[in-house]
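Colleague: Position chain B relative to chain A; hints supplied.
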Amino acid sequence: MGRRKNGNHSSTALNGLPQPQGSKICFEDDDEAQVEETTEGSNFDESMCDAADDSNRVIEDTACEPGQSFNDKDDKTSADYYFDSYSHFGIHEEMLKDTVRTKTYQNVIYQNKFLFKNKVVLDVGAGTGILSLFCAKAGAAHVYAVECSHMADMAKEIVEANGFSNVITVLKGKIEEIELPVARVDIIISEWMGYFLLFENMLNTVLYARDKWLVDNGIVLPDKASLYLTAIEDADYKEDKIEFWNSVYGFDMSCIKKQALVEPLVDTVDQNQIVTNCQLLKTMDISKMAPGDASFTAPFKLVAERDDYIHALVAYFDVSFTKCHKLTGFSTGPRSRATHWKQTVLYLEDVITICEGESITGSLNVAPNKKNPRDIDIILKYSFNGRRCTISKTQHYKMR
Amino acid sequence: MDQFSKDLDKEICNEEKFERGEEDDDGDEEQEEGQDDWDDWNADEEEGEEAFDSNFLCLFCNSKYNHCDTLFNHCNSVHYFDFHSIRRALGLDFYGSFKIINYIRSQVADNRCWSCGLSCKSNQDLQNHLHKILNLDDIKALWDDDKYLKPFRQDDPLLYSFIEDEEDDDEMTRENLPFHPNQNKENGVEDCSSTSHGYLNAPSNLEGEIENTVKTTETLGLKDEMQEDIQFKLARRNFDRKDIKNANESYFGSYSSFGIHKEMLSDKVRMEAYMEAILQNPSLFHNAAVMDVGCGTGILSLFAAKAGASRVIAVEASEKMAAVATQIAKDNGLWWNRKQTRDCDMSSGTIEVVHGMVEELNKNIEIAPHSVDVLLSEWMGYCLLYESMLSSVLFARDRWLKPGGAILPDTATILVAGFGVGGTSLPFWENVYGFRMSCVGKELVEDAVNTPIVDIVDANDLVTSPAILHTFDLATMHPDEVDFTASTELEPNSHDPSNSNSVEVEASRCHGVVLWFETGFTSRFCKEAPAVLSTSPYTPKTHWSQTILTFREPVAITSRKSRTNISAPVGSHACPAVKVHLRLSIARAPEHRSIDISLETTGIAGDGRKHHWPVQLFTLR
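Top to bottom, those sequences are chains A and B. For the first sequence, the residue numbers in UniProt numbering are 1 to 400. For the second sequence, the residue numbers in UniProt numbering are 1 to 621.
Okay, chain A solo, but in the shape it has when bound (with noise of 0.2 Å):
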């Protein structure tokens, strides 16, 4: 875990951005039973949120990304420390209280003691060290934390607090250069989902950990991802965040919303809004992918089941942990309970006239930007002939 967390000398600033509606993250209640639902796998839900706005986010903390990371700076004042700090822990807290993320991995250690007895696990990017701390009470018989940002020496803590510092054992460092005291893992845990599943995470440092030390046969948990898409009508909020630059209180700044097109929007998408099919785009295998897989073209057609108009097209992801005794997993879709991933809305230059049966045909291109590769590019083609318009258009989208 780890990851969402604003650029240091932005932080303060983006604390203090107003947030935009519906931005304050609020997650439903935490009961259990509710939760139960989402590891019966048939309900797969979720979805959260974020400053929709909070562009800078990066992932720093989490699991190790080379080159900087938390503490190697050595410029750094105790201010910049502290807000860093203030937002690193907010952002766990963020994560935490995201009960679908949470009680998901939960449930898949604790329904799946099978799984983890008397087995080695690393728990990559551990951040607070909670699923380190499942697994140790599911049973393993030893758990590595790795995490290398300043929360490493937070999760020594609250391991010792809780009683299991014989049985996990925290290593602050980037996974990449960190020495394992054993040569071979069973299993590998990690929650490196990012925006659009993709954006600033650390698929690529599971892959490593994955190559480097998981044994024939081992888990990778979770082990499937998917990306999806569908359409949706849209017309108040594209008027409030696009349409707005049109006139400011009256007056014209169009010119700038060109710029704001190009941004995609991280935010919560009602599903009552839903007007075509959802198309799979993409589908993971995190025990078998190799990194480059994260770049792609995808083609989709997205069939109307209703006459309506469609202002954007929605990307949202799945993960699933296939090896549990049941499937188990969670969607951060539109259908589904909120997530802090919410989704990732891209918003069409025109309006479509869209009636039932009538189909939009595209292709989604997702790659790192070539100047800036923690930011991404998405490219959508997309073609629509139906009766009451005809369309066909490439937009650049980036997510920075």
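In short, the hints are calculated from the structure, not lab data. These numbers come from a predicted model, not from an experiment. Mixed in with the good hints, there may be bad ones.
[Said to hold, decoys possible] Selected chain B positions facing chain A (in silico; Cβ < 7 Å): (1) F94; (2) M275; (3) I328; (4) D331; (5) F435; (6) F484.
[As the list claims (entries may be wrong)] Calculated lysine-lysine pairs in the PhoX-like style (CA-CA distance at most 20 Å, straight line): (7) K442/B <-> K257/A; (8) K174/A <-> K150/B; (9) K156/A <-> K268/B.
[Said to hold, decoys possible] Which residues of chain B face chain A? A few of them, derived with a C-beta cut under 10 Å, are: (10) R153; (11) Q154; (12) D156; (13) L265; (14) T297; (15) L302; (16) F303; (17) Q327; (18) H355; (19) M357; (20) F428; (21) Y433; (22) M437; (23) V440; (24) G441.
All residues carry an ideal CB built from backbone N, CA and C; glycine is no exception.
Modeller: Chain B in isolation, oriented as in the chain A frame:
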């Protein structure tokens, strides 16, 4: 369009083949354009790039060039290093290219031949030694190490210039990726001694491997599976994007100031207060000369123009934003075209955007002293004074505002209230899915006792009534009065009356104080419609949030005056304070635009006994 649809359909049909035709080129070009546009807006962040242009240091000697192409030509002709050919031959992507440059620089620094590894005694020896590549296979793994993602030379412009010819790169990628088993059949793995002649068509060794594999597998009828495997191998060569991210972070900052303007313009509380003050007070603005200090997108100037101002001078220190404001004024027909006005006597707009600091304005524009009727600004920062432009506004006031002229807003007040445990995340960390994590909460408090937190506080989490700490009168204050010391007293909220009969009323614990501000557009100038902009926890949130100062230890407080334990210290649970006295100073720190806050807290018991806590110093930077 129809062509496009067809291509698109084709693409969908051929999804597995990755057939990519001309339309992709178009797409890439468009993308480039898009990025260029974007860069306009972000010119500030990247302004360093141009400066580097004249500074391309040769990989091998001390020659410098203005352009990376010139540099690579030099490397090719003098040092037997043909970057583009090697890149093509090995199918190096961005990351591979990035690494080879850093690799070579590191080897040259050690006077070691980058291709054969021979150590030389000096750079001169090395230059004499450099030779054509003997075998591409031997060298291709040399720089395959993450450490070469780290720029060897600081601010090496070469590292982000070689990507300029991205199209080549794309073509290359395209050739490499999908499967054209027949296409390259004739091209075996070429002898690499001819590097300097270019390797336009030479497939990399891996491609050869693929061909072989494909052939074999076709025979075996296992084609699909094996192709997956090949894709796997190919993909492995793609670079770990996150690695590079860190390597590049210092080069390509991505903080967009545009985003801040969007936030500010979307801040309805802020916008509506200004809009009301300007548009609802027509007598103030009619035919007035207005100056807008720090205009940003120019929204306040637009309001002023709309309200009937005869001239609006919009001052903006950021060159980029000054350009944006000019464009927006033009787009709205409110830009003052000096030439047109003079020559044709045609009507034009009234807004003149001036780029520069207010303090240096006279360099750029002639404004008569004391000629401005209304001085307008949105200068407030976090905690009112952080990064605030208040002193610039006062400078402008003293120089250009007419005697008796209006300043909007004309008052600014800082308020304070105490918050309870709900304003902290301490309870959360007590029990996280059954585990104790209270050390995180402890750490948070330790950090917070000397650094203010800028965040939203819920009014329900306040445990005292609010109190005014200090008020600035912008019309009359002296510029050196920006730094101030003030005292106030906080009174605990009275307990819920429904609890008043309970045997023991829990004292609340005050964990710290929250600061916020209000600015007034009072009836002194806004006679028709005074307005207030409040950033309090009780009103809708703004982009300023509130500023949280955390006590070292919580202070127990109560609104009931009875029941005090004389022997217990004031502020403890046994003897809660009935009042909390605060003495608070805010001063601009020597460091640019940051502020220092000192906080002295005194608990006062019902019987008048006091307890002082040591002064706390906070820095907001």
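Colleague: Next step is simple, just say for each hint if it's right about the structure.
Modeller: Status of the hints after comparison with the structure:
1. F94: holds, 5 Å
2. M275: holds, 6 Å
3. I328: holds, 5 Å
4. D331: holds, 5 Å
5. F435: This hint holds: F435/B lies near chain A, its Cβ roughly 5 Å from the closest one there, short of 7 Å.
6. F484: At about 22 Å, which exceeds the 7 Å cut-off, the nearest Cβ of chain A leaves the hint on F484/B violated.
7. K442/B <-> K257/A: This hinted pair is violated, its Cα atoms lying about 44 Å apart.
8. K174/A <-> K150/B: Given pair K174/A, K150/B holds - Cα atoms ~16 Å apart, limit 20 Å.
9. K156/A <-> K268/B: violated, 44 Å
10. R153: violated, 16 Å
11. Q154: violated, 14 Å
12. D156: violated, 15 Å
13. L265: Nearest chain A Cβ about 6 Å off; hint holds.
14. T297: holds, 7 Å
15. L302: holds, 5 Å
16. F303: holds, 7 Å
17. Q327: Holds. Min distance 6 Å.
18. H355: violated, 18 Å
19. M357: Violated: closest Cβ of chain A sits about 21 Å from M357/B, beyond 10 Å.
20. F428: Holds, about 6 Å.
21. Y433: For Y433/B, the interface hint holds, since the closest Cβ of chain A sits about 6 Å away, which is under 10 Å.
22. M437: holds, 5 Å
23. V440: holds, 5 Å
24. G441: Result: holds, 8 Å to nearest chain A Cβ.
Checked against the numbered hints given earlier, the structure breaks hints 6, 7, 9, 10, 11, 12, 18 and 19 and satisfies all the rest.
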